[in-house]
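Peer 1: In order, the protein sequences belong to chains A and B.
Mapping to numbering that gives the first Met the number 0: the first sequence position 49 is 48, numbers consecutive.
Mapping to numbering that gives the first Met the number 0: the second sequence position 205 is 204, numbers consecutive.
FYI, nobody ran anything at the bench for these hints, they're computed from the structure.
Heads up, a few of these hints could be off.
In this list, chains with the same sequence are indistinguishable; a pair is considered to hold if it fits within one copy or across any two.
[What the hints assert, rightly or not] Distance condition first, Cα-Cα at most 30 Å in a straight line; then the derived DSSO-like pairs of lysine-lysine:
#	residue 1	residue 2
1	Lys-102	Lys-335
2	Lys-186	Lys-211
3	Lys-211	Lys-70
4	Lys-216	Lys-47
5	Lys-4	Lys-211
6	Lys-4	Lys-102
7	Lys-18	Lys-102
8	Lys-4	Lys-18
9	Lys-47	Lys-33
10	Lys-102	Lys-186
11	Lys-18	Lys-153
12	Lys-216	Lys-33
13	Lys-27	Lys-70
14	Lys-211	Lys-153
15	Lys-27	Lys-211
16	Lys-161	Lys-216
17	Lys-47	Lys-161
18	Lys-27	Lys-216
19	Lys-47	Lys-27
20	Lys-153	Lys-27
21	Lys-335	Lys-161
22	Lys-70	Lys-33
23	Lys-4	Lys-187
24	Lys-70	Lys-18
25	Lys-4	Lys-70
26	Lys-186	Lys-4
27	Lys-187	Lys-70
28	Lys-153	Lys-216
29	Lys-153	Lys-33
2 protein chains.
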Amino acid sequence: MENIKRTEIATLGEFGLIKHLTRDIRHKNPSTHKGIGDDAAVLQYDHKQVLVTTDLLLEGIHFDLTYVPLKHLGYKSAVVNFSDIYAMNGQPKQLTLSLGISKRFSVEDLEEFYAGLQLACDVYGVDLVGGDTSASLTGLAISITCIGEGDTGKIVYRDGAKENDLICVSGDFGAAYMGLQLLEREKKVFTGDKDFQPAFEGREYLLERQLKPEARKDIIAELARHNILPTAMMDVSDGLSSELLHICDQSHTGCRIYEDRIPVDYQTAAMAEEFNMNLITAALNGGEDYELLFTVPLAAHDEVITIPGVRVIGHITSPALGACMITRDGAEIALKAQGWNSLSEENDHPQ
Amino acid sequence: MENIKRTEIATLGEFGLIKHLTRDIRHKNPSTHKGIGDDAAVLQYDHKQVLVTTDLLLEGIHFDLTYVPLKHLGYKSAVVNFSDIYAMNGQPKQLTLSLGISKRFSVEDLEEFYAGLQLACDVYGVDLVGGDTSASLTGLAISITCIGEGDTGKIVYRDGAKENDLICVSGDFGAAYMGLQLLEREKKVFTGDKDFQPAFEGREYLLERQLKPEARKDIIAELARHNILPTAMMDVSDGLSSELLHICDQSHTGCRIYEDRIPVDYQTAAMAEEFNMNLITAALNGGEDYELLFTVPLAAHDEVITIPGVRVIGHITSPALGACMITRDGAEIALKAQGWNSLSEENDHPQ
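Bound-form chain A, shown alone (with noise of 0.2 Å):
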């Protein structure tokens, strides 16, 4: 028993890990059209396409209760799923919860997070399934499995982003970051003094995309509103680089963004700058922002933006050219997956 072979997870890292354990897999259902490697698995039933992803949310890990009141907490829960079924071009229909909840607990507590969640299924459309709640000996576990439809040919992947395409994204990139570094610092500041008052005023927009953010359902609308279909989409969770990377390697090409180009909110910026920190690796690494990152034919130029919220970033290049970002003076500097690395030995406390 001593022998055995001992690889430490963070060797790997979460994408390598995933692709390591999932490397023999063959599929064996007609209805299995798209397995692991995308925002969700593609299933074929006749002249549907079904979508299915699924996420597991851990206490200390993926959340910080100190902070995040329960309503918000299941609204955000619920609005991530979505966002991957957004980012193959479907739409959400149903989701199933599962819940590993400890005593601390109370039933008030759960509708708080009930309450939250079927806010943003009604919001978004969508219908609760399946429920299962269990005892968690530890802290609050959260998993969803949402369900999507899409039109066969429809479905946009990570893979079909071409030579010459531009890079579009929505929104803008960073907020939700800031407002974490926000309520982490406040959390620090308060000592357990009653009247004591976080300092979040003007601040509110940072806060928002941290606890309360959006899929973007709006620009999936405009979108086929405007006969745009994508080449490759993904939703930003893990960060504006992380993202990019993805869909460069999976479609075997390169990019090339320009610094300046990269949509900011003003808050964001001031953050940053009162924090000491650079603004532009706070909006490719910081995450969870939820936007589109989409690529489209260079011939969709003139009609993408004119959609509300899009703006075109750079474009895609041949594989050799890698994929870099031109910065402010005219620097080239290589994108980096400094992407959420839960598994990391540096990121091991709550983020």
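Assemble the complex: chain A is given as a structure, and chain B must be docked to it using the hints.
Peer 2: Below, chain B without anything else, positioned relative to chain A:
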């Protein structure tokens, strides 16, 4: 903040809690055919009905890694989900897996878990289509969602049992529970002695039922071959008594089952005697049998008894008669849902 009402979850119990939290749910989508309240949700796409079931398994609550090998855990985690799909008269087709893992696990540990899961997928013809891993601050968390297919009109729910229907079961009961008692005893006896040999001889069946259960795909195939469509069906995970009460409750009926007809294996009986436990209590309330409990019309009697491993244990009655077991000496005792309620106070330890 101090006056917020706090209702302990134990006052509602697991089933009561889910009922309470989901009482106001109204479905919005035409593809949502059946939501919460059965072994799986049912979605409708053209001529195909799609089944979705999900399970969250937490270390210390649902399994104890001191005596459950990771490969077995992987196998069992998949099989218990397949069992839910068969219990709807469907065929499992796809599975997604999310894992929350702490640092004490190595890549080799996870390879073991995946090997067991993949073996189950191969045996039952299921595709692993989605994977997600993240860190966990505490124990291992396993979330599995299984998707299955069924023919429209052939899905079997819990609410279809009719008066005079026969109550049938597959296999035998109480063995998995006795296997767990045995493992718990040997864990206590084991005091770190390197040469310790657990006393498992002649108890292999009990261990197998606990550590490597199978789902009754064979029974579903036999029922189809004999053209028998059950009127109601469930799989027995929480205990025969508890599941039968679910069927009676949802079908608005009563039932009579007979103590002397409840199938029990010889090893289960021997172990109950050794532990000085009531055998029939273990068979009725032990749980984790993953056998099928189903009802068929009286007219199917001669056909159903020809299926190997199926046994008629009683019949459905009018609701006024309640749900009872007739003992060997002719006494009538009310069935109770002593099923595995992991949220109750007295069960808040590993089991």
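Peer 1: Each of the hints needs a verdict: does it hold here or not?
Peer 2: Status of each hint after checking the structure:
1. Lys-102 / Lys-335: Between copies only: 25 Å across chains, 42 Å inside a chain, cut-off 30 Å.
2. Lys-186 / Lys-211: For Lys-186 and Lys-211, only the intra-copy Cα distance (18 Å) is at most 30 Å; the inter-copy one is 46 Å.
3. Lys-211 / Lys-70: within (10 Å within a copy, 39 Å between copies)
4. Lys-216 / Lys-47: both (20 Å within a copy, 27 Å between copies)
5. Lys-4 / Lys-211: between (44 Å within a copy, 25 Å between copies)
6. Lys-4 / Lys-102: between (38 Å within a copy, 15 Å between copies)
7. Lys-18 / Lys-102: Only across copies: Lys-18 and Lys-102 sit 19 Å apart there, 37 Å inside one copy, limit 30 Å.
8. Lys-4 / Lys-18: within (20 Å within a copy, 47 Å between copies)
9. Lys-47 / Lys-33: Both: 14 Å inside a chain and 19 Å across chains, each within 30 Å.
10. Lys-102 / Lys-186: both (24 Å within a copy, 26 Å between copies)
11. Lys-18 / Lys-153: Intra 26 Å, inter 38 Å, cutoff 30 Å: intra-copy only.
12. Lys-216 / Lys-33: both (23 Å within a copy, 25 Å between copies)
13. Lys-27 / Lys-70: Classified as between: cross-chain Cα gap 22 Å, same-chain 41 Å, threshold 30 Å.
14. Lys-211 / Lys-153: Classified as within; 29 Å inside a copy, 42 Å across copies.
15. Lys-27 / Lys-211: between (40 Å within a copy, 23 Å between copies)
16. Lys-161 / Lys-216: Classified as within: same-chain Cα gap 25 Å, cross-chain 45 Å, threshold 30 Å.
17. Lys-47 / Lys-161: The answer is within: 26 Å in one copy meets 30 Å, while 36 Å across copies does not.
18. Lys-27 / Lys-216: between (33 Å within a copy, 17 Å between copies)
19. Lys-47 / Lys-27: both (19 Å within a copy, 18 Å between copies)
20. Lys-153 / Lys-27: both (24 Å within a copy, 23 Å between copies)
21. Lys-335 / Lys-161: within (21 Å within a copy, 63 Å between copies)
22. Lys-70 / Lys-33: Between copies only: 26 Å across, 34 Å inside.
23. Lys-4 / Lys-187: This pair counts as between: shortest inter-copy Cα distance 28 Å, intra-copy 41 Å.
24. Lys-70 / Lys-18: Result: close only across copies, 19 Å inter versus 35 Å intra.
25. Lys-4 / Lys-70: between (44 Å within a copy, 16 Å between copies)
26. Lys-186 / Lys-4: Only across copies: Lys-186 and Lys-4 sit 25 Å apart there, 41 Å inside one copy, limit 30 Å.
27. Lys-187 / Lys-70: within (23 Å within a copy, 42 Å between copies)
28. Lys-153 / Lys-216: within (15 Å within a copy, 35 Å between copies)
29. Lys-153 / Lys-33: both (14 Å within a copy, 27 Å between copies)
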